[in-house]
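Visitor: Sequence:
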Amino acid sequence: MTESKKTYRLPTAIAMIVGICIGSGIFFKSDNILAATGGSVFLGILVFLLGAIGIIFGGLSIAQLAARTSRSGGIVAYAEEFVGPSFACGTGWFQVFLYFPTLVAAISRAVGYYFCSLFPLTDTLGTQYLIGFLFFTLCFLWNSFSARLGGFLQNAATLLKLIPLLLVAVCGLFFGNPQSVFSLSPGSLASAGWLSAIGPIAFAYDGWIIATAISHEVTHSERNMPRALFIAPLFVTAVYIVYFLGVSSLLGPETILSLGDRHVALLAERLLGTSGAKLMLLFILIAVAGTLNGVILGYLRLPYALAQRGMLPFSRIFAGPSPLMRALPGYAASCIWTAVNFCSERYMWLPNADVSEIPIVIGYLLYAALYGQVIRLWRSGQIDGPLRGVLIPGLALLGAGVVLWGGLQSRAHLFYAGFCLLVIAMGVFYGRKIHKPA
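Quick note on numbering: this note's numbering labels position 340 of the sequence shown as 383, and the sequence is numbered without any gaps.
Any given hint might turn out to be false.
Cβ-Cβ distance ranges computed for the label pairs, FRET-style [said to hold, decoys possible]: (1) 375 with 162: 26 to 36 Å; (2) 427 with 54: 39 to 49 Å; (3) 202 with 265: 21 to 31 Å.
25 Å max Cα-Cα, derived SDA-like pairs, lysine to any residue [unchecked claim]: (4) 321 with 427; (5) 321 with 165; (6) 476 with 465; (7) 321 with 209; (8) 476 with 416; (9) 476 with 302; (10) 476 with 124; (11) 321 with 213; (12) 321 with 302; (13) 476 with 351.
Treat the hints as calculated values from the structure; they're not laboratory data.
C-beta: ideal position from N, C-alpha, C; glycine also.
From just these sequences and the hints, can you work out the full model?
Guide: This is the structure in structure tokens:
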């Protein structure tokens, strides 16, 4: 394989993880969390901490693998080196044909929704999807032809989306009633109902693994990627908690519960005046657009990494020098899944869900296999200490179990999960075929 050009530094790797994780969801999760916790801010913060187990300890576990290789492909490279080429091929097929394109489909639809809400356009489902399609096409183009431009836009979007979150946090702590965080009704912890909020919260943390796709392009990746995988999850968790505490302190749990998602508009009006709602929508649009750019920034590297290994049909074409041909598998898959997501939403194929939710869940099965490799490396003496080799990957496995348990509750989701497993199995079979001894 050719030596990768070192385009990105540590701040871009951190910004990519933070920028992908922090999308629009955090702005609209407060009412859902408070509903599950019976209005308890204390339990809400506890839910965020429990939901963060997967990303924090998952990031620390993957960091152990990232520190031991600088090969291209991110999670595919880790799967190949520490598990085997067939498993790596199955992982790669899942990421290229399911995980990434369904994320692009779901997030680009959100871009279209918030764009139509902000500007005076005909707000139909078709218009929202068309705007989302045009935006992700632009993202594919500028990230294909200018890696530096894509990285710059990611850094800028991350900084901009943090402004309203930190503004709410600061105003809530100084002008609100943060003492409410300590109020806890007797027996609240004894009831397990509040645990139902952990599953949805886990999805707010998803996307951290995508940054590993650019690990081979990060300067001193063996040192900087573990740092990014440690710093960014902690930062995301801290931002989520202080925002939740801030909005709860400013409006009060009762107001948030009564208004539902509309509490965001009231929050913006109190902080920024009558025009505040539009400004808040602008920040939310930037947040979602930045998330989509980060997803595509990572996605573009994977088909090329698989093609270099011969793990895709027509690998010679997709491993060539043309940026457009390298981007073609991802772009085509994104277009197909955007059409599927449109039909799913229009005809209610997946009620109260989008096409990305189950691939997100199934992805944790693959991550769990890598967490297990960290334990294996500890047992073979390659990782020092039970903290790094047992406790951290053990907690990461626990976090993965929480996501899997929370995401596979309906029959429709189980059928979709079966399809995801079929794609993984096809990739494993293809990997065995190309690596079959002559």
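Visitor: So, for every hint listed, does it hold in this structure?
Guide: Going down the list of hints, with the structure as the test:
1. 375 with 162: 26 to 36 Å: holds (29 Å)
2. 427 with 54: 39 to 49 Å: violated (29 Å)
3. 202 with 265: 21 to 31 Å: holds (27 Å)
4. 321 with 427: Given that 25 Å is the threshold and the Cα spacing comes to 52 Å, the pair is violated.
5. 321 with 165: holds (17 Å)
6. 476 with 465: At roughly 16 Å apart (the allowed maximum being 25 Å), residue 465 and residue 476 satisfy the hint.
7. 321 with 209: holds (18 Å)
8. 476 with 416: holds (24 Å)
9. 476 with 302: With a Cα-Cα distance of about 56 Å, the restraint between residue 476 and residue 302 is violated, given a limit of 25 Å.
10. 476 with 124: holds (18 Å)
11. 321 with 213: Holds, at about 21 Å.
12. 321 with 302: holds (18 Å)
13. 476 with 351: holds (16 Å)
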